[in-house]
Amino acid sequence: MRSLQRVREEYAQNTLALSLGLERPGAPALFDAAVTNGLVAIVAHEWPGEEVAPNSNGYMRPASALLNLIGSKAAGDAEISSAAKRIAGEVDVLRKAVKDLAPVRHGRGGWAFVHPSAVHALRELDRHPALSVLSSYEADDHEAQDLARDADARAFAETYLTLLSEEEVARRVADLDEALPSHLKERASGFNPQECDVCQNDTLVVSSIDPYGVGVGIGVCFVCGYQRGEAAARLEAQHLIYVADETQTPVSELAPRQRNL
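Under the working numbering, the first residue of the sequence shown carries the number 2, and numbering increases by one thereafter.
Each hint should be verified, as a subset may be incorrect.
Just the calculated beta-carbon pair ranges, DEER-fashion [said to hold, decoys possible]:
no. : residue 1 : residue 2 : range
1   : A76       : D176      : 53 to 61 Å
2   : D78       : G22       : 49 to 57 Å
3   : S73       : P212      : 40 to 48 Å
4   : G50       : G22       : 35 to 43 Å
5   : Q259      : S73       : 41 to 49 Å
6   : E254      : V174      : 23 to 31 Å
7   : K97       : P55       : 23 to 31 Å
It is worth saying that the hints were derived from the structure and are not from the lab.
Just so it is clear, CB atoms sit at the ideal spot from N, CA and C, and this is done for glycine as well.
Let the hints inform the model, and build the full structure from the sequences given.
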C-alpha cells in the first residue's frame, strides 16, 4: 500500500497535468488518477481503513466506489465533519464524470472531453485538510509544469502500452541491449536500467539520477516510451527519503529495482 503522502502527491500531479489541455488523449486517465487519489486521501482521513476495497489484499477502492461511500455517509444518520459535507456536495459532478470517461479509459470509445465543471469539482477536493497540496505545487510554476508534463507522459505511455501485445513487450524487454551503448566501458560508466513506473519492466534506460543521490533514474523506457523527467525523479526520491525516515529503513533498500547487465 502506498503512503498517504504519495497519494496526495499523485492527486496534485495529475490535477496539475490537466492544465495542459482537457481534450488531450490522456486527459481521462489523468482525471481518473487525480480523483481516485484525492478521494483515497479523504476517505482514509475521515473513515480510516474504508478506503481499502474488501478482500483485495490492500488495494484501494476505485473512484466510483469511493464516491458512493462518501455519498452514503453524507446521506446516513451518522454525524460527519463539515469538510466531508463540503466534499459530498461535489459527489454528483464527479460521479458523472467518472462514468462518462470510463469507456474512453478502457478503450471502448465514447466521450473524451473532461468537462471544466468536473475539473472544478476535482480541485474543490483540495479544500479538505487531508489534501491541501495544490497551492504548494502551484507556488513554483516551473516545478508544477514539469510535474504536469510527467503525468501527461505517464498517461500517454499507459495508453500506448495497451496497444502492445504480450509478445511485443517480451521482445522489447529481450532486445533492451539495442538501446544501450555498444562499448563495455561506456556501459560501465553509466547506470543500469531500472523498473519503469508504467509497465513495471526493468527497462527504463537511465541517463542520470535524482539530485539527492537516492538512485531514482531519469530516462526513457525502452518498452512503453515513458519518459521520467528530473522533477518526477526528485519527487520520488523525496518520497523514498520520507518513507525511510518513517520506517527506519535504509534508503538504499528502497531504491528502484535495477536490471543487472
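Against the structure, the hints:
Between A76 and D176 the beta carbon distance is about 55 Å. The supplied range of 53 to 61 Å therefore holds. Taking 49 to 57 Å as the suggested C-beta distance range, the pair D78 and G22 does not conform, at roughly 43 Å. A beta carbon spacing of about 45 Å between S73 and P212 agrees with the range 40 to 48 Å that was offered as a hint. A hinted range of 35 to 43 Å for the beta carbons of G50 and G22 is consistent with their spacing of about 37 Å.
Taking 41 to 49 Å as the suggested C-beta distance range, the pair Q259 and S73 conforms, at roughly 45 Å. The hinted window of 23 to 31 Å between E254 and V174 holds, with their beta carbons roughly 25 Å apart. A hinted range of 23 to 31 Å holds for the C-beta pair K97 and P55, which are about 25 Å apart.
The earlier numbered hint that this structure contradicts is number 2, and it is the only one.
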